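Going down the list, the protein sequences come from chains A and B. For the record, in the first sequence the residue sitting at position 170 is 170 according to this note's numbering, with numbers rising by one throughout. Whatever position you read off the second sequence (first residue = 1), add 1000 for this note's numbering.
Keep in mind the hints are simulated off the structure, nothing from the lab. All values derive from a computational prediction rather than experimental measurement. Every residue gets a Cβ at the ideal spot worked out from N, C-alpha and C, and that includes glycine. Treat the hints with care, as some may be off.
Over the 12 Å line for every Cβ pair with chain A, so calculated as not near, a few chain B residues [to be verified]: (1) 1091; (2) 1113; (3) 1114.
Going by beta-carbon spacing under 10 Å, a handful of chain A positions derived as facing chain B [claimed, not checked]: (4) 47; (5) 182; (6) 189; (7) 193; (8) 287; (9) 290; (10) 353; (11) 386; (12) 389; (13) 391; (14) 401; (15) 411; (16) 418.
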Amino acid sequence: MGEMLAGASIVLHFTTIFLITIGVGLGIIIGILPGLGATMGVALLLPFTLTLPKPDGILLLLGIYIGAIYGGSISAILLRIPGTGGAAATTLDGYPMAQKGEAGLAIGTATISSFIGGIISIVILITAAPQIANWALKFGPPEFFALAIFGLTIIGYISGKSILNGLTAGIIGMILATVGMDPVGSVQRYTFGFIELASGIDFVSLVIGLFGLSQVFANIEKIIINSSFKNKISSNISRLIPSWGDIKKILPIILKGSFIGTFIGALPGAGASIAVWISYNEAKRSSKEPDKFGTGIIEGVAAPESANNAVTGGALIPLLTLCIPGDAVTAVILGALLMHDITPGPLLFMKNFDIVTAVFFGMVIGNIVMLILGLSFAKIFAKIVNIPPKFFIPILVSLCIVGSFSIRNSFFDVILMIFFGIIGYIFEKVGIPIPPIILGFILGQLIEYNLRLSLLLSQGSFLIFFNRPITLILLLLTVCLLTFNYINHIRKKARDSKVNSL
Amino acid sequence: MKNIVDLFLLTFSSIYVFIAYRLPHGQTKYGAGFMPLTLGILLIILLLIKVIQRYFKLDFNNNQDISIDKLKLLVFFAILLAFYIITLKMVGFIIASIIYLIAAFLMFQVKGLIKILLISTITPLVIFYLFNSLLRVPLP
Chain A
1 MGEMLAGASI VLHFTTIFLI TIGVGLGIII GILPGLGATM GVALLLPFTL TLPKPDGILL
61 LLGIYIGAIY GGSISAILLR IPGTGGAAAT TLDGYPMAQK GEAGLAIGTA TISSFIGGII
121 SIVILITAAP QIANWALKFG PPEFFALAIF GLTIIGYISG KSILNGLTAG IIGMILATVG
181 MDPVGSVQRY TFGFIELASG IDFVSLVIGL FGLSQVFANI EKIIINSSFK NKISSNISRL
241 IPSWGDIKKI LPIILKGSFI GTFIGALPGA GASIAVWISY NEAKRSSKEP DKFGTGIIEG
301 VAAPESANNA VTGGALIPLL TLCIPGDAVT AVILGALLMH DITPGPLLFM KNFDIVTAVF
361 FGMVIGNIVM LILGLSFAKI FAKIVNIPPK FFIPILVSLC IVGSFSIRNS FFDVILMIFF
421 GIIGYIFEKV GIPIPPIILG FILGQLIEYN LRLSLLLSQG SFLIFFNRPI TLILLLLTVC
481 LLTFNYINHI RKKARDSKVN SL
Chain B
1001 MKNIVDLFLL TFSSIYVFIA YRLPHGQTKY GAGFMPLTLG ILLIILLLIK VIQRYFKLDF
1061 NNNQDISIDK LKLLVFFAIL LAFYIITLKM VGFIIASIIY LIAAFLMFQV KGLIKILLIS
1121 TITPLVIFYL FNSLLRVPLP
């Protein structure tokens, strides 16, 4: 209880609340602007947070995460372009509502649903996380090795069209993680005489290059060919708050969506883009008038919106307790936590429970701020949708350069960032997905460290991974999930080629 | 495009494996070179599977190749980026950013000279103030 209060006292400071507010506000703007999204937002603003005190920097990033997931729904409602993958289902009813002149009501419903979804997921996070962390205290290097390998299975979900390309990307990420000092024997590897590489490839340069600059290049293409950004929409936002009758109608849907979002978010690899569809389908299935879904009803906005913000709390359960990121954004947040000298895992709950509770309270405040900002500034946010990319792209490039430079005041990191930006752009062009690279980079370090420690313990015998029940179960689960993913992909491909041939 | 990238990756992974062989392998065989060697070989296997798949036309991905128009703007932008970094070293963040932003806005055909000048001047000043004064991170 004392540690809970200590966590609360860290957060309940003017500066901290101010930083969370800035984070949520920036997150909403980033989420609204099509082509950016939560991962890029967190990556781009990560260097800004490194000089801030321990929990403040992380809370700012979590604010961006919460804000961006919510912000994605505003462009989904007004433009039919989901700002983030998690807002895709919102377009189905949100956009028709905007067409009927009910854009305000759609945004209001999205705001309230996101708020309730976010809060419920944090309550579940607060209840479940310490229990899981307690259980994970028994883990040694073999278990952490198996857990990190299990974490890699999410590559199957974030690979896009081809698992093979996803695996290639994951291995490339793990290869990048081998640059610098070897984690066990302190041998220099692949530094080629560059002192800057002695401590490894700078995570900020890597992440800003892959998620920031590569997206800038992709957006430059859109400037030439894409006309979707030219859609000037009238930001006529009238009534925001749903009536009491509407709230009574959507409350059960919101509650269901919140639980679905939290549960799906806690599963490695599932994430918001899956949760929203499950929640939407469930709301439609249990509705008395399923035919009305897709025509512009608030139930169709409440279901995905409660689920996508509930994912934020759910995704933090495996991240904070087991050090497993659920998707690309949480992989970047994991990197950020490590850079802030906070190592997630059961020991974090033992040694720094005040920081864990600060994260919990910070997320509650973040959701409250999101509700207030969402309802107060809906009209302004609606105007941001109209900003064409040619205005913000040059500024983003400037931020990418400043961000990568600021970590070590080194132009080497800027060059590295540009190199990864070009690589990321080319990889996306040839169908090699970017998120598995980041996942491989982060988990690669954990895998090598724990694998080699385990082998030192067992004097070189791999049997150590099969003698321990938790390790064995996790490795078997990994094989099952990979096989399941592969079969699913083969089926999907066969289905797609059938459709194409018709 | 895909073939070039695969060829590049195959060359890269071969050099990576070659260096991994020369790293110390430690008393338990699982030293500093163990992980790079495993990963390098895995990458080569994956790339070979990809090449074989493409040879037998099992690759269903149809990714867009870069058109000349897009390439032109991207190359111009890359040159501008290089120019930005060089000037950043020479004249510092504020002046370099102002020049770069004006050039970038003109390249993207943003209309309104006063608007361009205002955004190009205010943005670097705000970023500089934010980093130097609030976050205490020195910029060039």
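Here is what the structure says about each hint:
| no. | hint | result |
| --- | --- | --- |
| 1 | 1091 | holds, 14 Å |
| 2 | 1113 | holds, 15 Å |
| 3 | 1114 | holds, 14 Å |
| 4 | 47 | holds, 8 Å |
| 5 | 182 | holds, 4 Å |
| 6 | 189 | holds, 6 Å |
| 7 | 193 | violated, 13 Å |
| 8 | 287 | violated, 36 Å |
| 9 | 290 | violated, 33 Å |
| 10 | 353 | violated, 28 Å |
| 11 | 386 | violated, 14 Å |
| 12 | 389 | holds, 8 Å |
| 13 | 391 | holds, 7 Å |
| 14 | 401 | holds, 7 Å |
| 15 | 411 | holds, 7 Å |
| 16 | 418 | holds, 7 Å |
The structure is inconsistent with the numbered hints 7, 8, 9, 10, 11, although it conforms to all the rest.
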